[in-house]
Amino acid sequence: MSLLKELDERDVANTGEELHRFATDLYPICRSITGDGIRRTLALIGSRVPLQTVEVSTGTPVFDWTVPKEWNIRDAYIADSGGKRLVDFQQCNLHVMNYSAPVHATMPLSDLRPHLFTIPKHPDWIPYRTSYYKEDWGFCLSHNQMLALDNGDYEVCIDSTLQDGYLTYGECCLAGRSSDEVLISCHSCHPSLANDNLSGLTVATLLAQLLSERDLRYSYRFLFIPGTIGAITWLARNREAVGRIRHGLVLTCIGDTGGFHYKKSRRGDAEIDRAAAHILIHCSKSPQILEFSPYGYDERQYCSPGFNLPVGCLMRSVWGSFPEYHTSADNLEFIRPVQLAESLRMCAAILDVLEDNRRYCNLSPYCEPELGRRNLYRSTGGNEIGMETHARLWVLNLSDGEHSLLDIAERSGVPFSAISEAAKLLCQNGLLSIVPDDSTGGTTPSQAWHEGTLQRS
Amino acid sequence: MSLLKELDERDVANTGEELHRFATDLYPICRSITGDGIRRTLALIGSRVPLQTVEVSTGTPVFDWTVPKEWNIRDAYIADSGGKRLVDFQQCNLHVMNYSAPVHATMPLSDLRPHLFTIPKHPDWIPYRTSYYKEDWGFCLSHNQMLALDNGDYEVCIDSTLQDGYLTYGECCLAGRSSDEVLISCHSCHPSLANDNLSGLTVATLLAQLLSERDLRYSYRFLFIPGTIGAITWLARNREAVGRIRHGLVLTCIGDTGGFHYKKSRRGDAEIDRAAAHILIHCSKSPQILEFSPYGYDERQYCSPGFNLPVGCLMRSVWGSFPEYHTSADNLEFIRPVQLAESLRMCAAILDVLEDNRRYCNLSPYCEPELGRRNLYRSTGGNEIGMETHARLWVLNLSDGEHSLLDIAERSGVPFSAISEAAKLLCQNGLLSIVPDDSTGGTTPSQAWHEGTLQRS
Amino acid sequence: MSLLKELDERDVANTGEELHRFATDLYPICRSITGDGIRRTLALIGSRVPLQTVEVSTGTPVFDWTVPKEWNIRDAYIADSGGKRLVDFQQCNLHVMNYSAPVHATMPLSDLRPHLFTIPKHPDWIPYRTSYYKEDWGFCLSHNQMLALDNGDYEVCIDSTLQDGYLTYGECCLAGRSSDEVLISCHSCHPSLANDNLSGLTVATLLAQLLSERDLRYSYRFLFIPGTIGAITWLARNREAVGRIRHGLVLTCIGDTGGFHYKKSRRGDAEIDRAAAHILIHCSKSPQILEFSPYGYDERQYCSPGFNLPVGCLMRSVWGSFPEYHTSADNLEFIRPVQLAESLRMCAAILDVLEDNRRYCNLSPYCEPELGRRNLYRSTGGNEIGMETHARLWVLNLSDGEHSLLDIAERSGVPFSAISEAAKLLCQNGLLSIVPDDSTGGTTPSQAWHEGTLQRS
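In order, the protein sequence lines correspond to chains A, B and C. If you're matching positions, the first sequence starts at 1 in my numbering and goes up one per residue. If you're matching positions, the second sequence starts at 458 in my numbering and goes up one per residue. If you're matching positions, the third sequence starts at 915 in my numbering and goes up one per residue.
Calculated from the structure, these hints are not laboratory results. You may find that some hints are simply not true.
Here are the computed lysine-lysine pairs in the DSSO-like style, where the Cα-Cα straight-line distance is at most 27 Å [claimed, not checked]: (1) C:Lys919 <-> C:Lys1199; (2) A:Lys285 <-> A:Lys5; (3) B:Lys881 <-> B:Lys462; (4) A:Lys424 <-> A:Lys5; (5) A:Lys424 <-> B:Lys591; (6) C:Lys1338 <-> C:Lys1048; (7) C:Lys1048 <-> B:Lys881; (8) B:Lys591 <-> B:Lys881; (9) C:Lys1338 <-> A:Lys134.
Quick caveat: nothing in here was measured; it's all calculated off a predicted structure.
Bound conformation, chain A alone (with noise of 0.2 Å):
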């Protein structure tokens, strides 16, 4: 049964309300690119799913990085004169610009202001800062707060610690019937930001539950990383590994209301690349396939010229394009059950597009075989024929060895999993077998038919 079936038998709305619920338990951890924050949500993945949680030291060269100083916070605060907390960190993760070095100080606001970041245009929200390569300090607030402020003394703190640790990632492998490798990505070093990137944690970690429980043919690893400097590191530490990805998706922003965006890889073409641009405009509403740019997630380098890996980026809403997107309105309200339960959906039914996809040598090339005599044909002539036939005779008259069923499915316009089904149909009935997924090289099907009977007089 496929991944997709196997989910739409359970209770759909069940399974959106599951993925909320696991985002809501997320969501008021104060994660950044290092720390314990990161620790502990890695900690409640790793109570659903096999999670290997790596912990690499402070200072640890990456290619052209270096691992940074783990950070750490308790508490921060801008108080009034009398004490009054008017900014506060245990209201709101995001008030504090995310990195920021320790600061306890008293200052007027004229010093203060530089320090302080707001969205004029959305005097309620408050925006999310990072400055991660440049020690440096700062307050979010809303704009209205702002405002609020009078030109009295304020008391700052920031009781965080930036010193030497580790940065931390987690891993979940899968074993699959062959080491080729699909990779799921997802960003884990937002605070409390739902859309960017909860759904995609989430997502990921029901997704890797649900195949957890497969006979799979690709093993599967999940990175659950911080952003840039995880993917970099991940890569400096796996350089054997890479070789084995044949397939990779990064997922962030799958939870909001918008419609789906799949961002090509570097490649192209690559099967990801058709087989999410195949799902997305089969199962889907206005989808958008978008080009590969070198700007975005971590795509950016798997997709970097030295890895140039198959991996592609999935998206409801494109990160950057919704008001929303780094603002302290993408919050809980923001991603729906319902949306992250089709975020689910999409993914699966894409796996099972990479975990079908192969190709068939017709058994009867010569001419059809004669379908009806095996009751998968319509027995009275002169009406229409149904998809079921038509996927059939695709299968049937594609299958040289030279065409996948992804391949069949693009050409014919019929829907992956109706192709599928007619490819398993038709080798129960003996008219097909599976090419093996090492054949290359050697004389192809298609080749022996014509060598053997269509020789040139």
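Since chain A is already given, all that's left is putting chains B and C on it; use the hints.
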């Protein structure tokens, strides 16, 4: 002279009438996939063109299929208790489900009804139904006829035989200078249906007549065969001949008033695909070029993966897409002399492309030759040049031994006929030579030109 | 500094005026395909750029053609019986059919009329006519002038000579670091016609002036030649030089107010075709990219199949498409300083692409290098990045030794100039190295990266 020109020098109206008269002669015959109906049809075709009739015994294995029993019918009717024929095969041979097993019984309407076929949407039309591969019997009648039947008993008689015998098909072979062949195939198994496929049979017959009087580059093979099983039988018996087929056309539904449709071969870019598309686009109104699909007429068999022959299908209205399809309304009024003649013209123009499509070599490839000196250019500078001159410039420019005339026609947008005329004229003027058909491998003219003159310093 | 920037640092209005003044100097000269008109034209060009003038004797065979006689003219007129000049070469050199044989006779209007050419649709304009390859004589006049002629006798005088002499052309060669050449060709055979082709002559001359002061990657060859026979003569005499031509442009009709048109070379995807299309699309309003056709200006000869050089044609309004074409209305008002200067800019931008289009190799190909550390990235996370940063990311991502900067510009949609700037900056920062021009064959960087690290397990 091109075949199209030869045809156009005749009286087109006369040609149309001749085609329609021939269809009228063939119309009353009750054809099926086997039996005397097809024999009588072939006899009439054989009175016009040299035709070899082939008989293949029932039970002969042909790939995955078996040659079926021979079916013949003398009479069939449904009569009321007073002996009055209410449904009468003698009035229209569509009234019997084609290939019906014999039956003679009296039965109440309730028993008869599962054996009756009508078209409620077109209550005056009789449908066409077959049951070739499941032994059964039935009557086809107008919906109004069925509504008039009361609940009494009916005498039901189908005086048919279904027994060992032969499958019969006709083959007309015309030898050309090359043993490479063009295949024209049309199904001849349908009873009184005009567009499907007396249109194909009659146009193919006249095409064969025309070609038989000409000096031909290719050899031609016309097949008049029962649909599906006939094509399979021919392919099974002629596996060695298949390798000689360079181009092929299935002709069906080419007598109605619809615009032309050409369905490409499985290859999609075969010379026949390009030739047919070029001619339809240049010579007919609102033509449609359709992608290959494995569902259709006998191109299904020719394009099965073990053969993958370059065979497309020429139609006006696409079978199955017009309401008269497979009903008594597909009659002699549904096909028109004008359209039949125009379809013959279109076939002739396509064959002209195949016959004349060669590669040439410019004998004066460095700069343009001086056409004015040879009266091949206008003499006073400053005026525009006409299509003939454009055609000459294009042929000279692209005749590097790599581009065929069809390549040149496609790239230039100039009709193939003008390109072909230009090539002949330039040959006569010593500016062009033919590249022999079998010149493959070795140095192309274009390579030789550049090696000789353009070595890098 | 790019050629375009150098040009833009000058006063564009001044450049336009300079071009127009030069055209004004050249305008009165009565040029033809041979003779003193072209010699005087080359002398004026030669006063600005180093120019070699070549004289080829009448009767010299040049491929399929022969160098024609030299034509010179002192005077020509039609006078009435009272000796009054009604049509006077001294007033406009278009009045004589170019290359007219000498004549001096008195004749009635009826005998004269077959030798008169007018444009009834534009009754005040004088047409431009030639008769190079058929010895003849004629007068061109406004339609109104002709209507005013009564039936009396006329003195007809063309004081021309048509005798053995020379065909003259000019060649300006600028040596670059490579012996590979860029060819700029413009025809210099038209008399008082401004857009066709004083526009091409003047822009080419200033372009040569600009280039002569620069350090050049390519060598440049500017040809100032009579149309058709001049190009044929040059090609016949320079077969060994042809192999050095890597890119070429024919310049004509680039002074009017029409939008830019670029007609591709016969190859269709040559670097010059892509460079010109890129620049026109990014830097001009509503440009048109035209497919190659073998009819046109001297690209016909360069793109003849024996040469097949990568030479396209840059125009504003396409020759033959505007009513003023080949009439006295193609005068000094028809070309404008602003448009001439803009055409020079466009040529400069195209040459900048050719000069700077190289392949580079990313020296930090595994993941992105840390641009922030090098001040090549914005420092605060959460804001958008600008086009400069996008250009850097694209150059890094695609610099695998296989993509040229033009490939990168095309794929990214970022202007070539920004891509080229990014490449220079990344080289300065040690992140990129140039792939030598002659590095063909062997292992590409991209192959080396993958062999070293990505062996399959």
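Taking the hints in turn, this is what the structure says about them:
For the hint pairing C:Lys919 with C:Lys1199, the CA-to-CA distance comes to about 20 Å; that is within 27 Å, so the pair holds. Among the hinted pairs, A:Lys285 with A:Lys5 is consistent with the structure: their alpha-carbon atoms are about 20 Å apart, no more than 27 Å. Our distance criterion of 27 Å between C-alpha atoms is met by B:Lys881 and B:Lys462, whose separation comes to about 16 Å. Restraint check for A:Lys424 and A:Lys5: satisfied, since their Cα atoms lie roughly 16 Å apart, inside the 27 Å limit.
Pair hint A:Lys424 plus B:Lys591 holds up; C-alpha atoms about 26 Å apart against a cutoff of 27 Å. Distance hint between C:Lys1338 and C:Lys1048 is unfulfilled; the C-alpha atoms sit about 57 Å from each other, more than 27 Å. A distance of roughly 26 Å separates the Cα atoms of C:Lys1048 and B:Lys881; the hinted pair therefore holds under the 27 Å criterion. Distance check on the hinted pair: B:Lys591 and B:Lys881 sit about 57 Å apart at the alpha-carbon level, beyond 27 Å; violated.
The hinted pair formed by C:Lys1338 and A:Lys134 meets the criterion: a straight-line CA distance of about 26 Å does not exceed 27 Å.
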